[in-house]
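> Residue numbers (this note's numbering), protein chains in the order written: chain A, 1 to 672; chain B, 673 to 1156.
It should be emphasised that the hints constitute simulated quantities derived from the structure, not laboratory data. Careful, some of the hints might be misleading.
Cross-link-like lysine-lysine pairs, in silico, DSS-like; alpha carbons within 30 Å at most [what the hints assert, rightly or not]:
| # | chain 1 | residue 1 | chain 2 | residue 2 |
| --- | --- | --- | --- | --- |
| 1 | B | Lys-864 | A | Lys-667 |
| 2 | B | Lys-992 | A | Lys-603 |
| 3 | A | Lys-645 | B | Lys-1129 |
| 4 | A | Lys-595 | A | Lys-671 |
| 5 | A | Lys-645 | B | Lys-1115 |
| 6 | A | Lys-668 | B | Lys-903 |
| 7 | B | Lys-1115 | B | Lys-1085 |
| 8 | B | Lys-680 | B | Lys-1012 |
| 9 | B | Lys-926 | A | Lys-600 |
| 10 | A | Lys-549 | B | Lys-1012 |
Just some of the chain A residues that point at chain B, by a computed CB distance under 7 Å [unchecked claim]:
| # | residue |
| --- | --- |
| 11 | Leu-207 |
| 12 | Ile-211 |
| 13 | Lys-216 |
| 14 | His-479 |
| 15 | Tyr-482 |
| 16 | Val-488 |
| 17 | Ile-495 |
| 18 | Phe-550 |
| 19 | Ala-562 |
| 20 | Gln-565 |
| 21 | Gly-566 |
| 22 | Ile-568 |
| 23 | Ser-598 |
| 24 | Leu-612 |
| 25 | Gly-613 |
| 26 | Asn-644 |
These figures come from a predicted structure and were not determined experimentally. Backbone N, C-alpha and C define an ideal beta-carbon position, used for all residues, glycine too.
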Amino acid sequence: MNGDPHDSNEFSSDFRPVRRLSSQELKSDKSFQKIKQRSKLLYQQPDQSSSSTSEQTEDSVIGVKRTGESSNTNQLSKKAKTIEIPSVSKSIPSNPSNKVDKFAKIRGIKLTTSQPFSAFQDVSFGVERSSDRIRVPSTKITIPKDPITNPAIVSKDDLETVTNGTKPLSVSDGIENDLVNDTEIEGNGELKKADLSDVDSVKNYVLSQLIGKFTKVREASLLREKYSEIYNMFENTVVHNEGHSALLFGSRKSGKTSLINQAIDDLSKNYKDQFLVVKLNFFIHSDDSIALREIARQLDKKVKELNHNAGDDIESDLEAGNFEQRSINDTFANILSILDKDLSTQISTQSKIPIIFIIDEFERFTNSSKQTLLYNLFDLSQSSETAITVVGVSSKVTTRELLEKRVRSRFSQRIISLHKPNTVEEFWDNAKLNLLLDEEFINTLVDPKYGYSWNESINNIYEGKNNNGVSSLSKLVLHNYYTLKNFVEFNNNCIPVISEISENEPFPSESSFLKYTNCQEINNRQSIINALSDLELMLIIAAARCIEKFDLPTVNFNLAYAEYQGMIKEFNLNTTTGVNSLDSRFRTNFKINQKIWSSKILKNSWETLYRLGILLDSAGITTNNDGHIITNVNLNKNLIIEENKMVQADITLEELSNLLNDSVIFKKLTKL
Amino acid sequence: MTIPPEVKRSLSHTVKFRSNEIELLSSFISLNASNSSSALIIHGYKSVGKTFTVENYLTYLGVRNSIIRCDECVTNRVLLQRCFNKIKSDSGKNNNNNNDQIDKLKFGKSLESFYNFANALEKFIENSNYTDHHVLVLDRFDQCMESTNDLFIAFLRLREISKLDNLSIIFIISTDIPKEIVTSTIPTIYFKPYTEIQITEILQSSQSCLFGIEEIDNNPSSYEFWKQYAKIVVDLFFSYTGSDLNLLMDIIIKIWDKFIEPVIEGKYNVNEFVKVYRQGSELFTNENVINNSLIREYSTLQEEKPTTNGNVEDLPIHSKFILIASYLASFVEQKDDLHKFSKVKAVKYKKRVFSHKPNTKNDIDSRLLSPGFFDLERMFAILSVIYRNTAPSLNQQTEINLENDVAQIEEKKDIERAKFTLSRNTDLYSQVATLFSLGLISKSAASDILGARVRWKCNISWQTAEALCKEVDFPILDYLADEP
């Protein structure tokens, strides 16, 4: 850490040498990073505040800069950096919580001193600035910039991003900006051709991030707090033998499972073999008895593994694995009795090994009669001597209300819910984590520079620096944010781009971010209509006309065919009338009339429409007493549909005329 | 892990107009398991080359794969069993050949539920240390005879719940993506329908029908002949088939044999396509070409003759009347009964009191709608009326006999007609039961035939009913049509 202030002085004057030094510097700092990461796991909260301290320090620096206001902003900002950097580097090794107070104090003083000062000079300007200053820290906390999202990284490079991040907030200095841009372009220029192995490994790394499970939970601002909540709960279970129960809510693909998996992974790193995890998923374990068998099986397996690790002989191995019995009742009784007493008889090395139950699609388990399984699990989590933690994962917010009274009373009422991002910036900050490279990973590359410029290029593409205007990536982000707020969808869009990179084009190309979207169906009704043949199209138009004409709820083939016949006759008449003059008679002779196809042929088309799902069984959706929607739409997809079977059309005449192109000659048939 | 360019080129030669889709496919499914997404949906309405593209891509890629035709699976259980067995055999790790017994003991006897399937698969992969990337293709997954929506979700969770990290699943579906999984955001590749030009080019590119005579087939003009033929078929039938390639192929193959007859007989040369077409032009206008309801009879290899009015011709006269009565009962509204069947003329038709709106529900010809249910008693009442009015035995023209008093005979007749009940003479119930067993009429619930709550409906179409009435000389339109 000694060389740090020295380097940063250089850094403020010139960017290049800093770049080169940073990797060496980091290598020497590896031990420090390890400690840092370790402490991160244990003290989630203080660490966050430490990262925000660096923010605050720098913020106070801005304050300094503004108090000494003068026309030469360029010099000032440089000065600001030289002041700022030593202060940050000092703050890191020391206890962060103390620092917070100190800096807060300093800031407080600064604010009080600066305000009258500026008011003295220029009232309106001063007000503007003071409001600015208030806004800055608040946004900082909700939208964490790079230093928070990559907390393990503490280097000058990091600091540079800090300064970059604050730049828009500080008084704009054109020269400074130019400098940054220059270095970036140079960096890219150097790396026009990257090492093949590097490209491959970067590609593999990013792809596996995009495809696989989300692993940067601790860095995602949306999940971080929830993560520490879950993790602390698990930790309490393991360390203090406490039983807990909780429900984790979140819409689909919001990262519920990733969160829990990450927590369990970290837990098993810290407390290896000191707990058991049982995972259930309703979609696979679709009723109580199967779920019970699964519990027994997983317990058997894990106990066996534990015994193996403990180095027991085969005899105990045999007697250990007997949770699962032939009859389901025995199995259940067995599990209950063993869990209720303790596991000390089962496992010789540790007594009372805690168990964590993860129940996915929790709300579906409430459908079983009496909710026996849930009742027993919650009961165990409260009363058992073995510490048992039950975490229900669900995408339905009303799940707690679905629990029976006796089950609900045993539930701790602890609810953790995940939220979607509230601003576009927040969305992007979370979404880009999957595209960026880790500091640790970058150091494993042959040429770490490539890794850095990769991260830079991602940001550049988003900001649209390469071409003026909005880049396709930011278009993608905006579109996703305002429609779905779905990170997985975003990832799907990025996969084709990343898989494209090669030795010659080591960076993602900006233009291909919309490739995936272009290969999606626009809207299912519309794409069905596009896929129809002319006859099928006319038949559905006829059906829709029928419904419109007679104000019917349903329609059948006979009606549609009768309408079709009339419709085509009229169509042919209209196209031929109005040509009375002699010279046009020649033309009328060649007028191609629409053929009226026989009902047998159209019957096939009718079946196709039914199979495509644009015709639905009538009375398809009903609600039962509990308000659950029961749908039997296409439940029995019988391939033969009778001529007089009444079906609903899933499209109206108006919609049809909107969906059809003007070039389609049947468009006028959609007008009654 | 992109596919090498030369492979891509030959792939685009085999699979036309699908380069974008192949590119996306290659970014989601590659040789490396960790870089391939766990699930991928291939989606496109009708047959537009989805399976073809995927199969070709996988062969070119050289990844281990197993393809399951889901529409051949009767139940979900069969589907799961097939998946498991296919993965097992395609993995190349199945050392103990044909040792089903051991396998059954190892992995469980029958894969009743998805839970068993997942366990068995996990066990197998653990036991055999199978780490190669394996792609499971579930072709026509939505066309399995049982509903597969729940199975769909379960398959998607396979990687999450088990240690099967080397398995990728491709679902090929041709209907909407089920609502259950629409929020799971699985990567999807949508196959757009072909345009007419594209279809023509695809069909022309490979000659799938040959003349069967080597001299002609080796002649380069035979390929030209094929090209023109394919163009003609697409031109004529595209409005019916749309972009459905399979349907077009069926038609092409169906017409081909008859179409080339003049060439094979030596009447025309191969390069005289227009002449051949002129001779065989009726082949294209015959609607039986696309009507798939006619089957070729096995004995004669000729297409069976379509029957016009079912098999009602050989029914006894009373059954025919019962059938007509049930048709009337089904298609005449009950409230109009008095007006239509009663002799009492006092019942005035009060339908048209309100101002006549142009298009209302009442204007729909009831024959086009589905038959209504009726009580057996109502049908019998209608039967007795129509039988009395039109039955040949009761309505013979009396010969003009001057000796007898005509008025007296008429009076007698009237008495007879007034006294007439059909039920005394014939066993109506057994006839109704017969018609029911023939499927010409059907009942609402699967309970006792003579139960009081049972309601009936008529199953014959208007065409059949019309033919039937002509045969017994019954003026059915008098009863159906509304009075002006």
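> Now tell me, hint by hint, if it's right for this structure.
Do the hints match the structure? See the list:
Our distance criterion of 30 Å between C-alpha atoms is met by B:Lys-864 and A:Lys-667, whose separation comes to about 21 Å. With a C-alpha separation of about 28 Å, the suggested pair B:Lys-992 and A:Lys-603 falls inside the 30 Å cut-off, and the hint holds. About 13 Å separates the Cα atoms of A:Lys-645 and B:Lys-1129, which keeps this hinted pair within 30 Å; it holds. Of the pairs offered as hints, the one joining A:Lys-595 and A:Lys-671 holds, with about 20 Å between alpha carbons and a cut-off of 30 Å not exceeded.
Pair hint A:Lys-645 plus B:Lys-1115 holds up; C-alpha atoms about 16 Å apart against a cutoff of 30 Å. For the proposed pair A:Lys-668 and B:Lys-903, the alpha carbon gap of about 29 Å is at most 30 Å, so the pair holds. A C-alpha spacing of about 37 Å is found between B:Lys-1115 and B:Lys-1085, which places the hinted pair above 30 Å, so the restraint is violated. With a C-alpha separation of about 74 Å, the suggested pair B:Lys-680 and B:Lys-1012 falls outside the 30 Å cut-off, and the hint is violated.
Using a Cα cut-off of 30 Å, the hinted pair B:Lys-926 and A:Lys-600 holds, with the two alpha carbons roughly 18 Å apart. With a C-alpha separation of about 28 Å, the suggested pairing of A:Lys-549 with B:Lys-1012 holds against the 30 Å cut-off. A distance limit of 7 Å between C-beta atoms decides the matter here; for A:Leu-207 the minimum to chain B is near 4 Å, and the interface restraint holds. Hint on A:Ile-211 holds. Least Cβ distance to chain B is approximately 5 Å, under the 7 Å limit.
At a threshold of 7 Å, the smallest CB-CB gap from A:Lys-216 to chain B is about 17 Å, leaving the interface hint violated. For A:His-479, the interface hint is violated, since its Cβ never comes within 7 Å of a Cβ in chain B; the closest pair sits about 14 Å apart. The criterion of a C-beta within 7 Å of any C-beta in chain B is not met by A:Tyr-482, whose closest approach is roughly 16 Å, and the hint is violated. Interface restraint check for A:Val-488: the shortest CB-CB distance to chain B comes to about 4 Å, inside 7 Å, so the restraint holds.
Look at A:Ile-495: its Cβ gets to within about 5 Å of chain B, closer than 7 Å, so that hint holds up. The interface hint given for A:Phe-550 holds, since its Cβ lies 6 Å from the closest Cβ of chain B, which is under the 7 Å cut-off. The beta carbon of A:Ala-562 is positioned within 7 Å of a beta carbon in chain B (closest approach about 6 Å), and the interface hint is therefore held. For the restraint placing A:Gln-565 at the interface with chain B, the shortest Cβ-Cβ distance is roughly 11 Å, beyond the 7 Å limit, so the hint is violated.
Checking A:Gly-566 against chain B: minimum C-beta separation of about 12 Å lies over 7 Å; hint violated. Of the supplied interface hints, the one on A:Ile-568 is violated, with its beta-carbon coming no nearer than about 12 Å to a beta-carbon of chain B, more than 7 Å. Here the hint on A:Ser-598 is kept, as its CB sits about 5 Å from the closest CB of chain B, short of 7 Å. This hint holds: A:Leu-612 has a C-beta 6 Å from the nearest C-beta of chain B, less than the 7 Å allowed.
Using the Cβ-Cβ criterion of 7 Å, the hint placing A:Gly-613 at the interface with chain B is satisfied: the shortest such distance is roughly 5 Å. The closest approach between the C-beta of A:Asn-644 and any C-beta of chain B is roughly 4 Å, which is under the 7 Å cut-off, so the hint is satisfied.
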